[in-house]
Structures are given as C-alpha cells and as structure tokens.
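Student: Chains as they are written, first to last, in this note's numbering: chain A, 27 to 464; chain B, 27 to 464.
Accuracy of the hints is not assured; some may be wrong.
Identical copies look the same in the list; a pair holds intra-copy or inter-copy alike.
[As the list claims (entries may be wrong)] Derived PhoX-like pairs: lysine-lysine, alpha-carbon spacing no greater than 20 Å straight-line:
{"#": "1", "residue 1": "Lys339", "residue 2": "Lys117"}
{"#": "2", "residue 1": "Lys337", "residue 2": "Lys29"}
{"#": "3", "residue 1": "Lys34", "residue 2": "Lys233"}
{"#": "4", "residue 1": "Lys416", "residue 2": "Lys117"}
{"#": "5", "residue 1": "Lys34", "residue 2": "Lys117"}
{"#": "6", "residue 1": "Lys339", "residue 2": "Lys123"}
{"#": "7", "residue 1": "Lys34", "residue 2": "Lys222"}
{"#": "8", "residue 1": "Lys409", "residue 2": "Lys29"}
{"#": "9", "residue 1": "Lys117", "residue 2": "Lys29"}
{"#": "10", "residue 1": "Lys339", "residue 2": "Lys222"}
{"#": "11", "residue 1": "Lys315", "residue 2": "Lys123"}
{"#": "12", "residue 1": "Lys337", "residue 2": "Lys117"}
{"#": "13", "residue 1": "Lys123", "residue 2": "Lys233"}
{"#": "14", "residue 1": "Lys446", "residue 2": "Lys222"}
{"#": "15", "residue 1": "Lys229", "residue 2": "Lys409"}
{"#": "16", "residue 1": "Lys123", "residue 2": "Lys337"}
{"#": "17", "residue 1": "Lys123", "residue 2": "Lys416"}
{"#": "18", "residue 1": "Lys222", "residue 2": "Lys297"}
{"#": "19", "residue 1": "Lys132", "residue 2": "Lys297"}
{"#": "20", "residue 1": "Lys202", "residue 2": "Lys438"}
{"#": "21", "residue 1": "Lys123", "residue 2": "Lys409"}
{"#": "22", "residue 1": "Lys29", "residue 2": "Lys339"}
By construction, these hints were calculated from the structure, which means they are not laboratory data.
Protein chains: 2
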Amino acid sequence: MAKIQAVKGTRDLYPEQFRPIRRIFDAWRRASELHGFEEFESPTLEYLDLYREKSGDELVGQLYRLTDSGGRELALQPEMTPSLARMVAAKINALPKPIKWFCIPKLFRGENVQRGRLREFFQWNVDVIGSDSSIADAEVILVGIEALRNLGLTAEHFSVHVSNRRLIAAILAAGKIEDGEQAGAYALLDKAGKMKPDELAAKWNEKFGERLALEQLREWLSARDVSRLAESVGGALGMTEELEAASAQTSDVMSALSAFGVGDFCQLDLKIVRGLAYYTGPVFEFFDKSQNERAICGGGRYDDLLGKLGKQKEPAVGFGMGDVVLSLLLEDHGLLASPDRRRIVFVADATDGLRSELQRVVAGLRRAGMQTEFNYVQQALGKQLRHADKHGAVAVVILGDETRERNACQVKNLASGTSKEVSIDSLLADPAAALGIA
Amino acid sequence: MAKIQAVKGTRDLYPEQFRPIRRIFDAWRRASELHGFEEFESPTLEYLDLYREKSGDELVGQLYRLTDSGGRELALQPEMTPSLARMVAAKINALPKPIKWFCIPKLFRGENVQRGRLREFFQWNVDVIGSDSSIADAEVILVGIEALRNLGLTAEHFSVHVSNRRLIAAILAAGKIEDGEQAGAYALLDKAGKMKPDELAAKWNEKFGERLALEQLREWLSARDVSRLAESVGGALGMTEELEAASAQTSDVMSALSAFGVGDFCQLDLKIVRGLAYYTGPVFEFFDKSQNERAICGGGRYDDLLGKLGKQKEPAVGFGMGDVVLSLLLEDHGLLASPDRRRIVFVADATDGLRSELQRVVAGLRRAGMQTEFNYVQQALGKQLRHADKHGAVAVVILGDETRERNACQVKNLASGTSKEVSIDSLLADPAAALGIA
Chain A
27 MAKIQAVKGT RDLYPEQFRP IRRIFDAWRR ASELHGFEEF ESPTLEYLDL YREKSGDELV
87 GQLYRLTDSG GRELALQPEM TPSLARMVAA KINALPKPIK WFCIPKLFRG ENVQRGRLRE
147 FFQWNVDVIG SDSSIADAEV ILVGIEALRN LGLTAEHFSV HVSNRRLIAA ILAAGKIEDG
207 EQAGAYALLD KAGKMKPDEL AAKWNEKFGE RLALEQLREW LSARDVSRLA ESVGGALGMT
267 EELEAASAQT SDVMSALSAF GVGDFCQLDL KIVRGLAYYT GPVFEFFDKS QNERAICGGG
327 RYDDLLGKLG KQKEPAVGFG MGDVVLSLLL EDHGLLASPD RRRIVFVADA TDGLRSELQR
387 VVAGLRRAGM QTEFNYVQQA LGKQLRHADK HGAVAVVILG DETRERNACQ VKNLASGTSK
447 EVSIDSLLAD PAAALGIA
Chain B
27 MAKIQAVKGT RDLYPEQFRP IRRIFDAWRR ASELHGFEEF ESPTLEYLDL YREKSGDELV
87 GQLYRLTDSG GRELALQPEM TPSLARMVAA KINALPKPIK WFCIPKLFRG ENVQRGRLRE
147 FFQWNVDVIG SDSSIADAEV ILVGIEALRN LGLTAEHFSV HVSNRRLIAA ILAAGKIEDG
207 EQAGAYALLD KAGKMKPDEL AAKWNEKFGE RLALEQLREW LSARDVSRLA ESVGGALGMT
267 EELEAASAQT SDVMSALSAF GVGDFCQLDL KIVRGLAYYT GPVFEFFDKS QNERAICGGG
327 RYDDLLGKLG KQKEPAVGFG MGDVVLSLLL EDHGLLASPD RRRIVFVADA TDGLRSELQR
387 VVAGLRRAGM QTEFNYVQQA LGKQLRHADK HGAVAVVILG DETRERNACQ VKNLASGTSK
447 EVSIDSLLAD PAAALGIA
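All chains, full assembly: derive it from the sequences and hints.
Tutor: Encoded structure:
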C-alpha cells in the first residue's frame, strides 16, 4: 500500500526530538510554579463562535473548522486566551482573585508553513486575571524571563520590548487621530517593517499626514525614556490627562521590572503594537537578539475581554510563548540538547536458566527507583555488555551460576571500572549504595 | 451576548480538577522511565486514510473529520497506535530494536458521552516494537501495574486479565472453525456479556453449534490454568501444533509476570477478546475489581500492523490507559486528591514605600528555588497575613521600616510559630535554612 505521511506542518517527534521539548516544558512549568501560577487545561475543541467574536481576523482565517455529529460548528483551539476567558467568566465570583494560571496546550493554525511556523505547536500561556497593578504586568514578564534563563539563555540572547497600546493611543489622540481611526493607524505602523518607506509614508500622509507627521510620530515611538517622551509629546501637541496616565502606567511597568531585577533584559519599544484585537494597555514581545530577530513570545494587558464574554469586566494580563521559535533559538546557541539525565542500570545473565531471577532483580531495582534495562532474550555476556554500553548504563549487575549459590551477583560501576560481589538482598535494599552511584 | 459553553464531552479543567490528572501523568511518566521507555509525540492531525485501513469499524465511525485548505481529508487522532506504527515504519532500519516508547496524547472520539467516556481524553500509551519475547508482553503489563501501584492502588483494587487471541483461535481451529469464520465467532463472544444467554446460544448454534458446543467452549474460555486447558482441548478435539505453541506462549507470559513479582495482580481470562482489528497474540485488560468492573486499560500483541504500514513486519505489543476511568477509580477509593506539595513562602510589606525592596526579595527567593507569593497591592499587614494563610504558606517574610535600616527582615515559620530577624542577604543566600523549612 502507499505510504501514509505526516500531515504538512505537523511533527513526528521521535524521542530524540521530543527530549529537548520536554526540557522546555519542564522549564516553563517550573518557572510558573515558582512564581505562584497554577496549571489548568482547556478543551481543544471549542465552538467556532468563541473565535469569531474574540480573535483577530488573521487567526479566524487560519482556523481548523469541523462540524460535529449534531451539525454544530467547532474549531480546533488556535490560541488559549478565549478559552481561558470563557472558563474564568463561568466561575468569576467563585474564584479568588488575582487568578494566576498557566497551561501548555497544543494549538492548531492552518497557516503557511515556514521556518518557525507550524500548524500544530505547543504554547506556554501565563495569565493574571483580576489585578490592574503594573506589578502584575511585570510579574508576567518576569516569569517568562526566568524560564528562558533556566534554559541557559541570557540578556545576550534575548531582550524584552515593552510597549503600551494606551500610550500610543494617547499620542495619536493628542495628534487628533481619534478612536475610530486608530485601528487604521496601528495597522499601518504594524506593517512598517514589511513595507517600503515611501509606500508607508504615502499611505500615512493620505490619511493622517495633516494632523501628525509620520516622521515625528516615529521619532516618538523610538523613545527609550517614557518621561522625556511624555514631555516632548506634551510640548508639541499639548499635555492631556490620558497622556499623563498612560506614561505613568508605562513607567510603573518599567520600574517594577527593574525592582524584580530584570531591568537589563527590558527596553521601551513603542514600535510594538501586537496584531491581536484585544490588547488594551502594556504589551510586550520577547526578541531573539541575533540577526534573525525573531519574536519568541508576545503578550500584554487585555482588560476588556472578560467583560465581553461574561457579565463582569476584569483586568487581565498574559502571554503566549511557543515551542517552535524557542527551539530554533536554543539550537542556534547550542543550548537545545538536554544532558541525558538518565542513570540506567543494566542487568545481565551470564548463563541460561537465570531469566526468572533476572526479572526479579530488574523489577526490584525499578521499584527502588532505578531506571533499569535488560535484554528480553538471553545472549552471550559480551553482547549484553555492549547493549549496556549502548544504553549509556552507569552500572551493570551480572547474574551467574556461581554467585547464585550465594544469592549474590557481580556489580560493575562503569564510571570507576570497579567490580565487586554483593548480595542480591543488599542490592535491592539500597541499589545506589551497592552500585556506588549514590 | 449569549454565553458560550464548553463543547459536550470536553472538560474545563480548573487547577483544582487538573491537579489530580497531573499527578496521574507524573505516575505514568515515572513508571515509563523507570522501565526504560522513552517519550515521543505524534501529531493530532493525521490523514483520514491512516484510520480507514488500520482501525476497527467502531473507531472509524467515531472519527472527528475535517478538510484542510488543500481539500485533503484529515482526522483528529482517536488512538495512538496507527501514528506510532507510521512513525516506526518510516525509520524502521535506523531505529535500534527493541523500540521501547511511551506517550501521553490527548485523543478525540465523537462517541456518546457517558460516565467514563468523553470525546476528549488523555491516554497513556506504552509499546515495545521489535521483540516477540513473552517477557516483552509481561514488561508492558508490568509498567502499567507499577504506575497504578504508585498512585496508591493495590491488588485489592484492580486485576489484570490476560488472554491470548492466538490460543482462542487455536481452540476454534481445533473445533474446525477456521480462519475465515473466526471473526464472526469473536464478535459473538465479545458481545456475550451484553446479550441474553438464549439469544447468544441461538446465534452460536446456528453458525457453529454442530462443530463446537458453546457450553464446552465457554467452559474452556473460563479456564484459569493454561496447561490443563490445553490437555482438555487436546483430549476432546485432538492436539494441534498451533494449540501447543499458543498454550506455551500464554504460559510464558504468565510465568514472566510472576517472575516480575506481579503474579498476584494477574489471571488468565480467555473471555477477553478485545474489539480492535489488529491484535494477533496475547491481549489483556486491567479491571476495576469493584462492582463497577470497569476496564481501566487494554492492550496486547499486534505483530501484523507494522507490516501493513511499511515494508517490514515487526512484532509489537502495547497498551493504552485513559485518564477518565482511572480518575473515577481513584476517586472511588479516596485516592484522587493529591497532597498539595507546594511550599509557599509569602512576602509582606508592613508599610508603604517598601514595594521595590519587596519585589527584589520575592524575585531572589524564587531564583533560589522557593515558591513565593505576595500581594500586588500594599495592604494592612493583617490582611496580607490572611492572604498568606489562604495560600497555605509555610513561612512569611515581613519587611518593615525598622528592620530595613539593618538590611534585615522578620521571618515567621507558620508551622512552629517561631519568629526571628534575619538579614536579607542570608535569607536570599539560603532561604530554606533562614526560614527553618529545610
């Protein structure tokens, strides 16, 4: 029959490929737990309507849709936030706030496959719901930074670009580009990197040029210091209450990041807009600092989403970090391979007729917490020892006719090369000690 | 707007509900690793054809189908084995054998929702490919037993029913019910529990009664001892080579289970047939021993599947164990709730103006490996201490104006009730010692 392949954009993760991803999961989970986040899980199958109303157009276009046996329209989860908002809205009054949750779902997007973009991928999601404190924004960024640090990445490898949709909006508003037009302005700014400068300028001038010069705006969006930016905008366009409040909020997030000891990783970058529809305040992206300049992670504050899904508005901030770009970044810096932390003990039988005894010893070692291997079929001892070597065994237990009479075995520590006879009872009572691998 | 619900048959797993499932995952993963199995991951989206040809009719009818943007027919993974076989077939010559792999995918079946059956569920899969040794069959069963033992279940709670499709086939063949008719005989036997005895007898007699009396067959299938069974069948119908070989194989599996020290959990039960199309030899089910008698796990040997998917036939044995029935079983025995192993440290600021210092201490404690919580907003100390209590904190660190002058803080161990002043430096250098929670 014709060979069936893996679907394009999906991955067959053999143990060798999955091991580094497991290490990423472990780093994500450990950082989440240390920072007080609790793990939850949401369904992969959701009603299509959840995304129709809550996600940006780009994501809706990429949805995997299906119809269940009752004719209802479903979609495979392309992002976590709508499900999270749905779950929180359903129990909003029973849940103590702030809610600090994380999860590591597999997500699905029917997008064009390219390096760093797949149709099935894992994504770490971290969210705080029920606090409008800038310390919450900073803590969410902090947990992301700490997870990457635990994977061996430093401020040499990545940086966090912090922006604020509210501050950009306040600048636009001070320049008389009001609410209804801002989406168009964002869309242009977001495409700035992908458009020819002339083309961008022409499009901007056509719509907004008379009110706010693109060059001036871009200079402001390049500011590295919030208070000087506010002064400059205020001086040119007149200070507004919203401009003051949004600047203060941005400063607070930056200060909180410094207080958490991760100021070195972070910089103001108002060129970050974030494509998704629901952000309302501070937003951020983690960037690969190499020439590739890939975004590793993106998130921000979305204070309006819960109100749209339930009865009650709740402030919220969070991010998503996928495994695909992160794996590429780790690989580029030789940090992807995880040290094999297995400590395999191999049990061999030197002659026929010891299979039952071998199985008893194997099961006993495993129950005592040792990762233990053996051959399913009795073979020449030399062959078994080569298998032990292939498994990367740290110690070998050899059962033979002679030692059996004394209810004992030979143990060989492969690191030190030492060999000795021990009783089976003492081996099973304290394997690490008996094998010298404590 | 109308509230959007979770899709029927899916679960919103809030942290409280997910914690016990995480504990199950941890037990599955730990047992797998101790027994030398390596974790892999396969895509959720597969081509529909993978299941059309490889799965039983029941599963194919329950598939969630979808069409990708290129018009190709896809399905959501309803079981792991076809994907595993596809992945192994693709690298059959490069992979050292025996292949010992496990995984914990989320699977999807559009079946009728009932207690113990959902449309989205997690399933632990364990497989050995490339060995026809009965020790491999036994090891697969062993790892399942050990995972359940680690969750607190004993031989009081569950038992493993071991059968052998090959032995049943040999008995039928000895009774002149040949290959082509056996599928019909299996189907009848598999439904025995769900049919009225009269109805079953009538259907059997119509097709097979003249060659093999149903009563006689059912007596044989109730045998608890393989060698006596073989004698009895051989005496009545004549001994065949296949009957001898299949009996020996069955005995070997039972002996290997005893040698592994888990004979107490296991019993011969040839009434187990297993619905799926691909089993070729020993098969088994783990049963809840309570009145519910639910199957917790099922699996067996499937030596023909790899040959159907690739060029090369390879012997294989494995099982799947879902989280849903297992959770119900653990719940019934009060074993579901996992002890909260978190050791939260709570950091409080007694006065205004210490927020930055508090954030520095929080970040430092977390970097030193302590799970640390604090309030995003400064509040009265009494209120903060009540929050510490709600979080189940084991220790509280209190920053105040007076201690700050000495670059110190108060630490309070909530178990012992003792309180003392320590320097911030020594707290961050060795938090467990400073907090007395080592």
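Student: With reference to the structure, classify each hint as holding or not holding.
Tutor: Hints, verified against the model:
{"no.": "1", "hint": "Lys339 / Lys117", "in the structure": "within (13 Å within a copy, 53 Å between copies)"}
{"no.": "2", "hint": "Lys337 / Lys29", "in the structure": "between (52 Å within a copy, 9 Å between copies)"}
{"no.": "3", "hint": "Lys34 / Lys233", "in the structure": "neither (41 Å within a copy, 48 Å between copies)"}
{"no.": "4", "hint": "Lys416 / Lys117", "in the structure": "between (53 Å within a copy, 19 Å between copies)"}
{"no.": "5", "hint": "Lys34 / Lys117", "in the structure": "between (39 Å within a copy, 18 Å between copies)"}
{"no.": "6", "hint": "Lys339 / Lys123", "in the structure": "within (13 Å within a copy, 57 Å between copies)"}
{"no.": "7", "hint": "Lys34 / Lys222", "in the structure": "neither (32 Å within a copy, 49 Å between copies)"}
{"no.": "8", "hint": "Lys409 / Lys29", "in the structure": "neither (35 Å within a copy, 65 Å between copies)"}
{"no.": "9", "hint": "Lys117 / Lys29", "in the structure": "between (48 Å within a copy, 12 Å between copies)"}
{"no.": "10", "hint": "Lys339 / Lys222", "in the structure": "neither (41 Å within a copy, 58 Å between copies)"}
{"no.": "11", "hint": "Lys315 / Lys123", "in the structure": "neither (36 Å within a copy, 42 Å between copies)"}
{"no.": "12", "hint": "Lys337 / Lys117", "in the structure": "within (11 Å within a copy, 54 Å between copies)"}
{"no.": "13", "hint": "Lys123 / Lys233", "in the structure": "neither (43 Å within a copy, 67 Å between copies)"}
{"no.": "14", "hint": "Lys446 / Lys222", "in the structure": "neither (74 Å within a copy, 64 Å between copies)"}
{"no.": "15", "hint": "Lys229 / Lys409", "in the structure": "neither (73 Å within a copy, 55 Å between copies)"}
{"no.": "16", "hint": "Lys123 / Lys337", "in the structure": "within (16 Å within a copy, 58 Å between copies)"}
{"no.": "17", "hint": "Lys123 / Lys416", "in the structure": "between (52 Å within a copy, 12 Å between copies)"}
{"no.": "18", "hint": "Lys222 / Lys297", "in the structure": "within (16 Å within a copy, 73 Å between copies)"}
{"no.": "19", "hint": "Lys132 / Lys297", "in the structure": "neither (30 Å within a copy, 39 Å between copies)"}
{"no.": "20", "hint": "Lys202 / Lys438", "in the structure": "neither (80 Å within a copy, 55 Å between copies)"}
{"no.": "21", "hint": "Lys123 / Lys409", "in the structure": "between (61 Å within a copy, 14 Å between copies)"}
{"no.": "22", "hint": "Lys29 / Lys339", "in the structure": "between (52 Å within a copy, 14 Å between copies)"}
Going down the numbered hints, you'll see the structure goes against 3, 7, 8, 10, 11, 13, 14, 15, 19 and 20, while the others check out.
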